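Kindly generate the complete structure, drawing on both the sequences and the hints.
2 protein chains.
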Amino acid sequence: MSPDLVDPSVVEMCSALGDETRWSILAALGEGDASASALARRLPVTRQAIAKHLAVLHDVGLVETVQVGREVRYRVVGSGLSATARRLDAIGVAWDRRLASIKQIAENL
Amino acid sequence: MSPDLVDPSVVEMCSALGDETRWSILAALGEGDASASALARRLPVTRQAIAKHLAVLHDVGLVETVQVGREVRYRVVGSGLSATARRLDAIGVAWDRRLASIKQIAENL
DNA sequence: CTCTTCTGCAACCACACAGTTGCATCGTCG
DNA sequence: CGACGATGCAACTGTGTGGTTGCAGAAGAG
Numbered sequence: 020m021s022p023d024l025v026d027p028s029v030v031e032m033c034s035a036l037g038d039e040t041r042w043s044i045l046a047a048l049g050e051g052d053a054s055a056s057a058l059a060r061r062l063p064v065t066r067q068a069i070a071k072h073l074a075v076l077h078d079v080g081l082v083e084t085v086q087v088g089r090e091v092r093y094r095v096v097g098s099g100l101s102a103t104a105r106r107l108d109a110i111g112v113a114w115d116r117r118l119a120s121i122k123q124i125a126e127n128l
Numbered sequence: 020m021s022p023d024l025v026d027p028s029v030v031e032m033c034s035a036l037g038d039e040t041r042w043s044i045l046a047a048l049g050e051g052d053a054s055a056s057a058l059a060r061r062l063p064v065t066r067q068a069i070a071k072h073l074a075v076l077h078d079v080g081l082v083e084t085v086q087v088g089r090e091v092r093y094r095v096v097g098s099g100l101s102a103t104a105r106r107l108d109a110i111g112v113a114w115d116r117r118l119a120s121i122k123q124i125a126e127n128l
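Sequence lines, in order, name chains X and L.
Take any residue in the first sequence, note its place counting from 1, add 19, and you have its number in the working numbering.
Take any residue in the second sequence, note its place counting from 1, add 19, and you have its number in the working numbering.
FYI, nobody ran anything at the bench for these hints, they're computed from the structure.
Owing to the predicted nature of the structure, the values given are computational and were not obtained by experimental measurement.
Even glycine gets a Cβ: it sits at the ideal position worked out from N, Cα and C.
This list has only true hints and no planted wrong ones.
Chain L side only, calculated, beta carbon under 10 Å to chain X, not exhaustive: (1) Met32; (2) Glu39; (3) Trp42; (4) Arg94; (5) Val95; (6) Gly97; (7) Ser98; (8) Gly99; (9) Leu100; (10) Thr103; (11) Arg105; (12) Leu107; (13) Ile110; (14) Trp114.
Computed beta-carbon distance windows for the label pairs: (15) L/Val112 with X/Ala68: 25 to 31 Å; (16) X/His77 with L/Ile121: 16 to 22 Å; (17) L/Ala68 with X/Lys71: 24 to 30 Å; (18) L/Pro63 with X/Glu83: 33 to 39 Å.
Each computed EDC-like pair below joins lysine to aspartate or glutamate, with the alpha-carbon atoms no more than 20 Å apart: (19) X/Lys71 with X/Glu83; (20) X/Lys71 with X/Glu31; (21) L/Lys122 with X/Glu50; (22) L/Lys122 with X/Glu83; (23) X/Lys122 with L/Asp52; (24) L/Lys71 with L/Glu83; (25) X/Lys122 with L/Glu50; (26) L/Lys122 with X/Asp52; (27) L/Lys71 with L/Asp38.
Next comes the structure, spelled out in structure tokens:
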């Protein structure tokens, strides 16, 4: 259930999260919605660089945009993270369970 | 407790997981431990490329090595994934909770 | 002992991408 | 209206890195 409108692959999501600057942006957004220009004032990178990162984050559904007058505010979407987290955990658990069963088989030889 | 010998940062972990080939390797390893050469026979990439990927995965603790005679078998460590998953989920939940509280404040104006 | 095969190291190529500068546009405030 | 600040698009640079080939050393298999 909950068909997950857009369902970016786990690797796309991880790829998006595999960048230091992107985390800085997410952290900054965590303290309140902000526009690309506003973020550029707080972070040591250009507005255009931030815009690109925001595009990436938006593509995988980690942020959403809110039009406020002439500026475009960005808001972090935590549920995107949680969804990926659940998927990762499921995979990890499955692997470990498999490993455990193999170990048991080996012990039962 | 369980001091987590190496504690790769979330971004390092995500960076390691942000690669298609690496997931192929993990998937292949999921069906049983294997050496770099063995993996190279199953995947459409060179042994050296696989070796590099395995090094990355090993650095973040997603795989562990097992010496078997002269060859080096690799085994996937699911708990590494689960740990990162928990961290991601915690962050996501915190962000969403913050967002919810802000929304509530706005409604109470 | 010899041949095979598994490993490791190093150099090299090529593409992806983070980051920059520059320009053009458009809304908004004075 | 004019100026400032926000956005968007495009081109360029440079570094990181996924991938390759090549070679040399060790350890089993025959």
